[in-house]
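Chains as they are written, first to last, in UniProt numbering: chain G, 1 to 262; chain B, 1 to 325.
Hint data in this document are derived by calculation from the structure and do not stem from the laboratory. Treat the hints with caution; some may be incorrect.
Stated by the list, open to error - Below, a list of computed lysine-lysine pairs in the DSBU-like style, where the Cα atoms sit at most 30 Å apart: (1) B:Lys-152 with B:Lys-11; (2) B:Lys-53 with B:Lys-87; (3) B:Lys-93 with B:Lys-103; (4) B:Lys-93 with B:Lys-11; (5) G:Lys-82 with B:Lys-11; (6) G:Lys-184 with B:Lys-87; (7) B:Lys-103 with B:Lys-87; (8) G:Lys-184 with B:Lys-103; (9) B:Lys-53 with B:Lys-152; (10) G:Lys-82 with G:Lys-184; (11) B:Lys-53 with B:Lys-106; (12) B:Lys-73 with G:Lys-184; (13) B:Lys-11 with B:Lys-53; (14) B:Lys-53 with G:Lys-82; (15) B:Lys-118 with B:Lys-103; (16) B:Lys-73 with B:Lys-87; (17) G:Lys-184 with B:Lys-106; (18) B:Lys-106 with B:Lys-118; (19) B:Lys-93 with G:Lys-184; (20) B:Lys-152 with B:Lys-118; (21) B:Lys-169 with B:Lys-118.
Claimed, not checked - Computed far set for chain G versus chain B, every beta-carbon distance over 10 Å: (22) Leu-89; (23) Ile-156; (24) Gln-215.
Virtual Cβ for every residue (Gly too), placed ideally from N, Cα, C.
In case you want the letters, here they are:
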Amino acid sequence: MTYVLRIVATAYLFFLVAWPVSLVVTHTFDDGFASISSLLQDPDTVVALQLSAYVAVFSVVINTLFGVGISMLLVRQEFPGKRVLNAMLDIPLSVSPIVVGLALVLVYGGRNGWLGPTLAGWGFDVIFSTPGIIMATTFVALPLMIREIVPVLEEIGIEQEQAAQSLGANAMQRFWRITLPSIKWGIVYGVVLTLARSLGEFGAVKVVSGNVLGQTRTATLVVEEKYLNFDQQGAYATAFLLAMVSVACIVIVAIIRPKNHS
Amino acid sequence: MSIEVSGLNKKFGDFVALDNVDVTIPTGQLTALLGPSGGGKSTLLRIIAGLEKGDSGTVNIEGVDATNLPAQKRNVGFVFQHYAVFKHMTVAKNVAFGLEIRKRPKDEIEHRVNELLKLVHLSQFSHRLPSQLSGGQRQRMALARALAVEPKVLLLDEPFGALDAKVRKELRDWLRRLHDDVHVTTVFVTHDQEEALEVADEIVVVNEGRVEQVGTPDQLYDEPANDFVMSFLGEVTHLGGASLRPHDIELETAPRMAGAVEGTIARMVRIGFEVRLTVLTVDGDEVSVVATRTHARSQRLEEGSTVWLTPADGATMVPRMAVAG
Numbered sequence: 001m002t003y004v005l006r007i008v009a010t011a012y013l014f015f016l017v018a019w020p021v022s023l024v025v026t027h028t029f030d031d032g033f034a035s036i037s038s039l040l041q042d043p044d045t046v047v048a049l050q051l052s053a054y055v056a057v058f059s060v061v062i063n064t065l066f067g068v069g070i071s072m073l074l075v076r077q078e079f080p081g082k083r084v085l086n087a088m089l090d091i092p093l094s095v096s097p098i099v100v101g102l103a104l105v106l107v108y109g110g111r112n113g114w115l116g117p118t119l120a121g122w123g124f125d126v127i128f129s130t131p132g133i134i135m136a137t138t139f140v141a142l143p144l145m146i147r148e149i150v151p152v153l154e155e156i157g158i159e160q161e162q163a164a165q166s167l168g169a170n171a172m173q174r175f176w177r178i179t180l181p182s183i184k185w186g187i188v189y190g191v192v193l194t195l196a197r198s199l200g201e202f203g204a205v206k207v208v209s210g211n212v213l214g215q216t217r218t219a220t221l222v223v224e225e226k227y228l229n230f231d232q233q234g235a236y237a238t239a240f241l242l243a244m245v246s247v248a249c250i251v252i253v254a255i256i257r258p259k260n261h262s
Numbered sequence: 001m002s003i004e005v006s007g008l009n010k011k012f013g014d015f016v017a018l019d020n021v022d023v024t025i026p027t028g029q030l031t032a033l034l035g036p037s038g039g040g041k042s043t044l045l046r047i048i049a050g051l052e053k054g055d056s057g058t059v060n061i062e063g064v065d066a067t068n069l070p071a072q073k074r075n076v077g078f079v080f081q082h083y084a085v086f087k088h089m090t091v092a093k094n095v096a097f098g099l100e101i102r103k104r105p106k107d108e109i110e111h112r113v114n115e116l117l118k119l120v121h122l123s124q125f126s127h128r129l130p131s132q133l134s135g136g137q138r139q140r141m142a143l144a145r146a147l148a149v150e151p152k153v154l155l156l157d158e159p160f161g162a163l164d165a166k167v168r169k170e171l172r173d174w175l176r177r178l179h180d181d182v183h184v185t186t187v188f189v190t191h192d193q194e195e196a197l198e199v200a201d202e203i204v205v206v207n208e209g210r211v212e213q214v215g216t217p218d219q220l221y222d223e224p225a226n227d228f229v230m231s232f233l234g235e236v237t238h239l240g241g242a243s244l245r246p247h248d249i250e251l252e253t254a255p256r257m258a259g260a261v262e263g264t265i266a267r268m269v270r271i272g273f274e275v276r277l278t279v280l281t282v283d284g285d286e287v288s289v290v291a292t293r294t295h296a297r298s299q300r301l302e303e304g305s306t307v308w309l310t311p312a313d314g315a316t317m318v319p320r321m322a323v324a325g
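Go ahead and model the full structure; you've got the sequences and the hints to work with.
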């Protein structure tokens, strides 16, 4: 029975994940490193890759700060509307990224948005500009950090913090010396997932970015563009680079994470 | 007086955890808060530590009104039932925590940590992580950590409750000896009467949010204020409207004493040197009696024998409660 289950699981993962992804790799290296090096010589693609990295880093930083704060709030405090907040945090996972993009345009759109014209009046463009891309990416990746930290916080409980308090530690000292080290690995995993999700975001970014070549076109948009223009080689090479970053993150974390972590 | 609590009330929703509690805990003594689970003793301890806030009433620690002082400013040591070790720090770092918070010089911290680890017999484990220690070792480490900051009072919440019976007994003796050396005012919560009677200088019996009695172990055992205290501190049976200990009943095969109650032996169990009997009296009571094996044999007691029961001379007796607990 266990053998049957193992074969089914392996076959399922092979046909769904391993085989398609490995084909991306093999296609990328059909003619050696030529496709990658030609990619890196195209200034527009380099700008796109840089923009993707820049947006992903911002999204990770914002989601980490807010993720830790919201998780502490959800686990440690009782307040009216807590269940509503908890349910709202899953919205980014349950609605299509396209919807996220359109919703952001409704609020921040430079001409017709609720808030957009005011911000534009101050010389701050959100939609069709980098802030919009960052917002859309942060939105879709929002729950990942929180869903990693909340179970860890629930598991460690509050006794360690109370012990620290009775030993004279104030709220800041308790957070830096006790809480943060205890949830460290939850945060690390959250960062990896958020980074991978942010690099790969496509739908929401496509709506809000305007897809301006060399300015607001991210790496995932480049993949689409190249694919539609029958530059399959370039599309695969870009996709490969994106996938590699995510895989590298997960591998590194798996290596440095202590084995007897409890 | 070291800790003075007066007029303390605490409710959790509809549940009354503490009902107008007044208690004074003497300086330098080892005091036990004894009572059944859910009786409010842990809540009382946590309010003294500042980890919980009373609804009304005051807490005074060594002459300072601590009622509104946050826990970190009370300078009390607190030891938790489940140790609350800092999992990501070594044993030495755990013990050093309070001193580092107080920004003491490095060499002083090191010296004090070594001293404390020696006191709790953990010197050779100083570089280990808590996960590599046994339960008893973790609790000793937690105790050293609490003592490191030289607290005015040391509070222990069921400190041995999570340990197995043997380690529990060892640590109990060790705590008593440690207290004789260190002399810090210590309060510990327990639901185990044996633990309280054996270790404490003074016992505060807490039940249903109220203090039932305060006294030395001898006072409590010999002069219980009421049926609850008596029944909580040891086995109790009822004979003719009074509560008393089963071993304080004399048993005879003929009605020699005035006021003796007649009954028949319904069950007889021998455990080592003692014999436990259940006697059904003519009044309809079921009385437990403990006799020595020798006594039972000399009287030729067996199930179905008719016997006469009287309270022994000097027996501790209190009037029976309306509803026997």
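Task: Earlier hints that do not hold, by number - done: Checked against the structure, the hints that fail are numbers 4, 11, 23, while the rest are satisfied.
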